[in-house]
Amino acid sequence: MLITGSLGQDFLDGVHNSGGCQSCHEGPADGTFTTFDEAHVGVVRDPSEDPSTCLSCHQNAIGDLKAVDKAGYEASLHMNLWGEKVTIERRGQCTFEGSGFEAPFEKKCAGCHTTCGQCHISRPKSVGGGFPKTFAYLSHSFRKKPHMTEQCTACHGSRVGADFLGQNEGNQPDTHFAQHGMQCDGCHSAEELHGDTQFTGDHYTHRYEVATMPRCEGCHEDMPSNDYHAVHGNVGSGIKLQCQVCHSQPYKSCSNCHDLVDGGNAIDPSWLSLKIAFNPRTDFRAEYDYVLVRHIPVDPGTWDNFGLELPGYLDEVTWKYTSPHNIRRWTAQTTPPEGGACSTSCHDTAEAPTGYFLRETDLYEADGVTRLPHYDANIDVVIPID
Amino acid sequence: MHPRTRRRLAVTAAATFALWAGCAELETDATADATGSDTLGSPDGTTTGLSCVGCHTDEEALKAVLPPPEEPAEEIEGTGDG
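Top to bottom, those sequences are chains H and W. The numbering of the first sequence is the working numbering, which starts it at 150 and goes up by one. The numbering of the second sequence is the working numbering, which starts it at 946 and goes up by one.
Be aware that one or more of the hints could be misleading.
With a cut-off of at most 27 angstroms between alpha-carbon atoms, the simulated DSSO-like pairs for lysine-lysine come out as follows [unchecked claim]:
| # | chain 1 | residue 1 | chain 2 | residue 2 |
| --- | --- | --- | --- | --- |
| 1 | H | K282 | H | K293 |
| 2 | H | K293 | H | K274 |
| 3 | H | K274 | H | K257 |
| 4 | H | K293 | H | K219 |
| 5 | W | K1008 | H | K274 |
| 6 | W | K1008 | H | K282 |
From the derived model, a few chain H residues whose C-beta atoms are all more than 12 angstroms from chain W [stated by the list, open to error]:
| # | residue |
| --- | --- |
| 7 | G180 |
| 8 | N209 |
| 9 | N229 |
| 10 | Q242 |
| 11 | P460 |
| 12 | S494 |
Treat the hints as calculated values from the structure; they're not laboratory data. Using N, Cα and C, we set each Cβ at its ideal position, and we do this for glycine too.
Taking the hints into account, I'd like the entire structure generated from these sequences.
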């Protein structure tokens, strides 16, 4: 936590230090301590855990900084992890508050709950905190735009970050990054991430519900005119594809997330694949008939140690709607053999009837006979063989 | 290293640093400024104790009191769609 360099000096000379360290971090006044312990009595490591610390000023527009919607932020997914909690409620058939699971969740699952400071100043606590340092040491600088690798993908790294930066074997980085120099903020607005108030009820329950979430059509409103867009781009056609079905590269899927055993987890390695299924989330993406799905099945016994059973485990698909951040114009799906149509590289490949499509066979163990525990949860989204 | 041992070393290092820096009584002619630098003023021009910025802008001072970094935990892939 060293305040140094030109950026450290800028902070010391700037408005955020006008009241001294203690104005945010509390603790004893300068000149009243002589030891490490005395200096840190009552010090608040992350003052922005209390939203009012920053919102007291930033709920109003300041210079070129737009106002942060206080109500939106206090109900936001980033701050509250509603997505995780709502899934627990659905599978646990309980209400999260009052379930008795709040403390274990806070200890075990809420590591990626974030605060203003963990996006705009320091590295997230879930990855050890401290000030970001890549090439340049960013010190205690307050940055409007979070650092892509030290902050955004510090949490969103194993899937989104790896996809976007082309870190998965055999894949190229996302074209938005590699060819167009865009980072996370190129698509994800401050309004979306701080939290908007366009939810129904008390808060959003899933990130795909967020009204201000980026959509491909937001920039690519006029798709190039070709046969493939004509056939697969029309709502109501019965074969409208999510954009990523054609333009994504293979991405990670898993088999047994949080499979608790004595001494920790016994999680099998993830693997790269691309699977197309019927849209399991017509509640928030009703326009797509076929979408990409990612296998991310939390183990049914994940919370046995905390006394939380999951009677509704099979109420949720484990092949979940996904939008991989590894977009390319030309992918294996859109690169047919010479002279061939795209169908020959997608649904008419030699590998079909399996290959890209989620089939019933994907819901069985390797022996082909034993159904996987989540068979019933997913059978409605598999694509039957004609 | 056991966390308690690490903590004892840190406290000892802090105390040693305090003795080395003569923190019980620092004398300077400088006056305090709004940034809370360690050049704190008092009516007679002398200063006592430390300041946040005095340590947190001094790499050697921080190293003297902070425990060594822990070994990174075994990497486990996250399971959210993040």
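Hints versus structure:
no. : hint               : in the structure
1   : H/K282 <-> H/K293  : holds (17 angstroms)
2   : H/K293 <-> H/K274  : holds (19 angstroms)
3   : H/K274 <-> H/K257  : holds (13 angstroms)
4   : H/K293 <-> H/K219  : holds (17 angstroms)
5   : W/K1008 <-> H/K274 : holds (20 angstroms)
6   : W/K1008 <-> H/K282 : holds (17 angstroms)
7   : G180               : violated (4 angstroms)
8   : N209               : holds (23 angstroms)
9   : N229               : holds (14 angstroms)
10  : Q242               : holds (21 angstroms)
11  : P460               : holds (21 angstroms)
12  : S494               : holds (26 angstroms)
Going through the hint list in order, the structure does not satisfy hint 7, though it satisfies all others.
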